[in-house]
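Please model the complete structure; the sequences and the hints are all you need to start from.
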Amino acid sequence: GAGVSQSPSNKVTEKGKDVELRCDPISGHTALYWYRQSLGQGLEFLIYFQGNSAPDKSGLPSDRFSAERTGGSVSTLTIQRTQQEDSAVYLCASSLAVSRNTEAFFGQGTRLTVV
Amino acid sequence: DAKTTQPNSMESNEEEPVHLPCNHSTISGTDYIHWYRQLPSQGPEYVIHGLTSNVNNRMASLAIAEDRKSSTLILHRATLRDAAVYYCILRDVDAGGTSYGKLTFGQGTILTVHP
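Protein sequence lines, in the order shown, are assigned to chains A and B. Numbering-wise (our numbering), the first sequence opens with residue 1 and increments by one. Numbering-wise (our numbering), the second sequence opens with residue 1001 and increments by one.
The hints are simulated quantities; they were obtained by calculation from the structure and are not laboratory data. Be careful, since some hints might not be right.
Listed next, with one range per pair, are the computed distances between beta-carbon atoms [said to hold, decoys possible]:
no., chain 1, residue 1, chain 2, residue 2, range
1, A, Asn101, B, Arg1058, 35 to 43 Å
2, B, Ile1074, A, Glu20, 17 to 25 Å
3, B, Pro1007, A, Asp18, 37 to 45 Å
Simulated crosslink set (DMTMM-like; lysine to aspartate or glutamate; CA at most 25 Å straight-line) [said to hold, decoys possible]:
no., chain 1, residue 1, chain 2, residue 2
4, A, Lys11, B, Glu1045
5, B, Lys1003, A, Glu44
6, B, Lys1003, B, Asp1031
7, A, Lys17, B, Asp1067
8, B, Lys1003, A, Asp56
9, B, Lys1003, A, Glu14
10, B, Lys1069, B, Glu1011
11, B, Lys1069, A, Asp18
12, A, Lys57, B, Glu1011
Source: prediction; values computed, not measured. Each residue gets a CB set at the ideal place from its N, CA and C atoms; glycine is no exception.
Given below as structure tokens:
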């Protein structure tokens, strides 16, 4: 596709269940970022990938959160034993390179609701 | 992390120019200044970025102060579609001095455009 694609667009899950959020970056983009945005709040950095490696996981809120990227393309963010405070919009972005001189392209996000 | 300061909100009338200011007094010599905007219920959208010289593209212009401690995003003729949260961002480097271009979002400026 032409842009960053995220699926599902909406996810409602019960507290305690595991969820997987998927991000398809723009083809050829080596950098991939995950953010989350709680209702009415700013964007919170979670993790970034350069290729399949994740040099910076500093933003992951707890060990219930993990992410992987395979083939330098698709990335999956997994949240185990979801809690109500995990409810947010999870946004993925990709860049052509890991550089300060390139723009990032964001997907439309996955809205996660934990009930 | 280099920080930016923006007004919480600004208002404009349709078809008038808008000047959105950003202060970044602790900017380093190699930080690029990026602007993104987020329309309601959408992921952030790249607007423009620059290092030292003023920049123009089809969406906006970026005016960078000579000392680089401030910048201004200029929308030449505001439309209703320009109503969004505008983020001024300095792309970060990690502790080892390697650029990975993390985008750290602040609270941004809420731009309201009146018909």
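- Item | Enumerated hints in conflict with the structure, sorted upward | 1, 2, 7, 9, 11, 12
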